[in-house]
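Q: Required output: the full structure, derived from the provided sequences and hints.
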Amino acid sequence: MTRVRDRLRGGLAVALLSAFLGACATQTGTVVLLPEKGGANTAVSVRQGDQEVVLDKPYAAAHPTTSGPRAYTSSPQEVEAQFGAALKAQPTRPASFTLYFVEGRDEFTDASKQILADVLSEIAKHPVPDIVVVGHTDTVGSDAVNDALALRRAETVRAMLVGRGLSSASIVTVGRGKRELLVPTPDNVAEPRNRRVEIVVR
Amino acid sequence: MRRRIEHPCRTLLAASALGVALSAGAADIGQIKVAKGQVAIERGGQALPGEVGARLQAADVLKTGADGSVGITMSDNSLLSAGPNSILVLDRYAFDPTTSQGQFDASLQKGSLAVISGRIAKQSPDAMKVRTPSSILGVRGTEFVVSADD
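Chains as they are written, first to last, in the working numbering: chain E, 1 to 202; chain W, 1001 to 1150.
Possibly wrong hints are sitting among the right ones.
Which residues of chain W face chain E? A few of them, derived with a C-beta cut under 8 Å, are [unchecked claim]: (1) K1033; (2) V1034; (3) V1052; (4) T1073; (5) P1084; (6) R1092; (7) I1136; (8) L1137; (9) T1142; (10) E1143; (11) F1144; (12) A1148; (13) D1149.
Quick caveat, the hints were computed from the structure, so don't treat them as lab data. C-beta atoms are modelled at their ideal positions from N, C-alpha and C, and glycine is treated no differently.
A: If you want it as structure tokens, here you go:
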């Protein structure tokens, strides 16, 4: 009789202990998915060993714990309280612009001359701007001709930016020729929308 | 006939020029854009000041003090910013700007981190990972925050 009681007592203790451990699984951090500005599909998976929680809605959250990730729903208030300083240090988002060129030349179209003003005001928002200028062409001509033209277009933009006081070292130029068409066309098609330079301001 | 011979040569020249450009730029993977309070970069055992404008390399460790925070922009347009008392390691970074293929592994050893993923994660889901001492985050996009307790 005593033995049975001992065994029962022992079993109870194990059950209590494991319930206690489960409830007190130590939390080792927080992960929260934030809302996406464009409303695009986004997700972050949180994996611990073979356990995984996928966060795919705004403020879907998880606490990694000593016994695997525990899902919950966070809030803007909690995120601000815990991550305010990190979010405040977020750099200005990179912005990109596209300028269009006159066929076969490294000269802007009139409409693109106005976009330049926007580029310059964006650059002013970045305390240490680094700028990537990527030149593209349409499919008229050989790769060699178009690569050279694409680079010349990018260099034209660089020279223009340097002329406005930007340091040449902060600007990288790349010529992509006809490899990355904005509007897909067969070879040897004059397509104004492919004659462009993309400027990324970071 | 002359043109046919000329073409491969030019292509080769252009390709080698591009190769040089890529390898010259390969060391710089990102830049500190925002820094407040105490911020340091640890590189190969040396502590460098984590100032605005400082260029970053793979394997760099960013540390912030009790009053510190730091924001960095990577060459794939990822934005990472860490709050006070944080240790962020840029374990591995590879990015091909032409194809957007790449890999980005970072770890937050402690502290808090806000992330906006860039072209690497957009091109191939799970090519970007953020580790904490207890978990691995697979980044399919785009904006999230993560903390790692001491």
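Q: Now tell me if each hint is right for this structure.
A: For each hint, the structure was consulted:
no. : hint  : in the structure
1   : K1033 : 4 Å, holds
2   : V1034 : 5 Å, holds
3   : V1052 : 6 Å, holds
4   : T1073 : 5 Å, holds
5   : P1084 : 6 Å, holds
6   : R1092 : 18 Å, violated
7   : I1136 : 5 Å, holds
8   : L1137 : 5 Å, holds
9   : T1142 : 4 Å, holds
10  : E1143 : 4 Å, holds
11  : F1144 : 5 Å, holds
12  : A1148 : 5 Å, holds
13  : D1149 : 5 Å, holds
Hint 6 alone, counting from the list given before, is not met by this structure.
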